[in-house]
Structure formats: structure tokens, C-alpha cells
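Generate coordinates for the entire structure from the input sequences, incorporating the hints supplied.
Top to bottom, those sequences are chains A and B.
Add 219 to the 1-based position in the first sequence for this note's numbering, that's all there is to it.
Add 148 to the 1-based position in the second sequence for this note's numbering, that's all there is to it.
These are calculated hints, taken from the structure and not from any lab test.
For each residue, glycine too, the CB sits at the ideal point set by N, CA and C.
List of simulated lysine-lysine pairs, DSBU-like, C-alpha gap at most 30 Å: (1) A/Lys276 - B/Lys186; (2) B/Lys151 - B/Lys186; (3) B/Lys186 - B/Lys218; (4) B/Lys164 - B/Lys186; (5) A/Lys276 - B/Lys151; (6) A/Lys276 - B/Lys218; (7) B/Lys218 - B/Lys151; (8) A/Lys228 - B/Lys186.
Computed footprint of chain B on chain A; a stretch qualifies when at least three of its residues, placed anywhere within it, have a C-beta under 8 Å from a C-beta of chain B: (9) 252-262; (10) 307-313; (11) 321-327.
Far from chain A, some chain B residues (derived; all Cβ distances over 10 Å): (12) Gln156; (13) Val161; (14) Glu165; (15) Glu204; (16) Ile208; (17) Ser219; (18) Asn224; (19) Ala229; (20) Met260; (21) Val261.
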Amino acid sequence: DSGVTQTPKHLITATGQRVTLRCSPRSGDLSVYWYQQSLDQGLQFLIQYYNGEERAKGNILERFSAQQFPDLHSELNLSSLELGDSALYFCASSVGFESYEQYFGPGTRLTVT
Amino acid sequence: AQKVTQAQTEISVVEKEDVTLDCVYETRDTTYYLFWYKQPPSGELVFLIRRNSFDEQNEISGRYSWNFQKSTSSFNFTITASQVVDSAVYFCALTYGRAGNMLTFGGGTRLMVKP
Chain A
220 DSGVTQTPKH LITATGQRVT LRCSPRSGDL SVYWYQQSLD QGLQFLIQYY NGEERAKGNI
280 LERFSAQQFP DLHSELNLSS LELGDSALYF CASSVGFESY EQYFGPGTRL TVT
Chain B
149 AQKVTQAQTE ISVVEKEDVT LDCVYETRDT TYYLFWYKQP PSGELVFLIR RNSFDEQNEI
209 SGRYSWNFQK STSSFNFTIT ASQVVDSAVY FCALTYGRAG NMLTFGGGTR LMVKP
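So, in C-alpha cells, the structure goes:
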């Protein structure tokens with residue numbers, strides 16, 4: 220158990236809908252990251268927050284947004300969902316914002332039908 | 149551009165065999181960090197090791213060992229006396245100084261250890 224929690228574990232929704240994925244980092248970690256794992260794209264970095272502020276952005280679609288709250292938990296919002304958004308979404312956390320090992324949560328499996 | 153290549157998509161071995169998973173990386177930065185993660189069938193990603201670009205010492209942890217060679221831009225992972233529980237997908241990843249901490253992952257190598 221990495222100490223990073225993600226809810227829900229599974230999510231099934233229809234195209235065009237909006238969902239929110241939630242992540243709580245390990246105790247003491249200030250950085251939160253979101254990654255997407257799909258069969259065709261592999262594991263891709265989406266976005267990083269450090270202590271409430273956005274630090275780095277990867278291949279995140281405009282339909283996706285994230286935030287980190289004062290209690291350091293983070294939410295990833297996915298809107299106008301398409302079939303291609305079906306994937307495993309991971310949250311990870313680390314102590315700092317540079318080069319520390321990242322500990323991953325169990326992931327949220329999103330299925331868009 | 150940063151890139152991580154794991155040329156072996158799938159490896160199958162019999163229990164107790166040694167197996168090496170290859171990882172080749174590309175980066176223009178002189179300061180970078182390399183990682184290995186394990187993804188067992190249950191799906192979570194488990195951190196195995198982090199190595200910085202200034203530390204070329206090989207590392208051994210139990211049956212696991214890692215060989216970092218800057219001259220060939222490789223960071224290979226060897227499992228000695230493999231066990232069925234080692235069956236998983238293994239990912240090599242890279243991050244570099246200016247990227248904050250975003251990880252660039254290789255495509256992964258699926259290791260199947262048969263009894």
C-alpha cells in the first residue's frame with residue numbers, strides 16, 4: 220500500500236458526461252501528479268500540482284482540468300467525455316516538486332460507453 | 149525531447165531463470181533521474197528504484213539489480229532467480245531537471261514467469 224488513495228476505483232459513464240476523480244496524497248507529500256494509462260498511448264503525464272499550485276502540464280486535453288485543495292487532496296475533472304477517454308487514471312504523490320520518487324495510487328478505471 | 153525505449157515488449161522465462169529488462173533513454177539534460185516501476189496484474193504501480201545521473205554505481209536489492217551506464221544511455225534491470233510473483237509489467241521512466249518531476253515512461257516490458 221503506497222499510502223495514496225484514489226476514489227472511485229471504477230467508473231462507468233456515457234459519452235458527453237462529466238466525471239470527477241479524487242486523490243489523497245501520502246501524509247506529508249506536497250506534490251500530486253495525474254497520469255493516464257491507455258492501451259494506445261501508454262502511461263502519459265497529465266498535470267502536476269505542488270502545494271496548491273500548478274507546476275507542470277503534460278498532454279492534458281482542454282476538456283480535462285485539475286486542482287489541488289488546501290488539504291492537499293486533488294481532483295481531476297473530465298468533461299465532454301469521449302470513448303477514447305476510457306483509461307486507467309493514476310494519481311501519484313511525492314515529497315517535493317523535483318525529482319523525488321513518486322508513489323502511485325491504485326488508479327481509477329474509467330469506462331466511457 | 150526526452151524518450152525512454154523498452155524494446156522488449158514481452159519476455160517469458162521459467163522460474164529460477166535470471167532475466168534482464170532493457171531500458172534505453174534519451175535526454176539532452178545533464179541532470180536527470182531514472183526510475184523503475186512494477187505493475188502487477190492487480191494494476192497498481194509500485195516504485196522500485198530511483199537513480200540520478202551523477203551516480204553510476206550499480207545497485208542490488210535482494211534478487212533485483214540495476215546497471216546504469218551513461219556511455220550507452222541504458223538503465224537495465226536484472227531479476228536473479230525469477231519467481232512467479234515477479235510476473236508483471238515493468239516500466240522504466242525518466243525525469244529531468246527542467247521538467248519539474250514529470251515522468252516520461254517507456255512502453256513497458258511484460259514479464260511472465262512460468263512455474
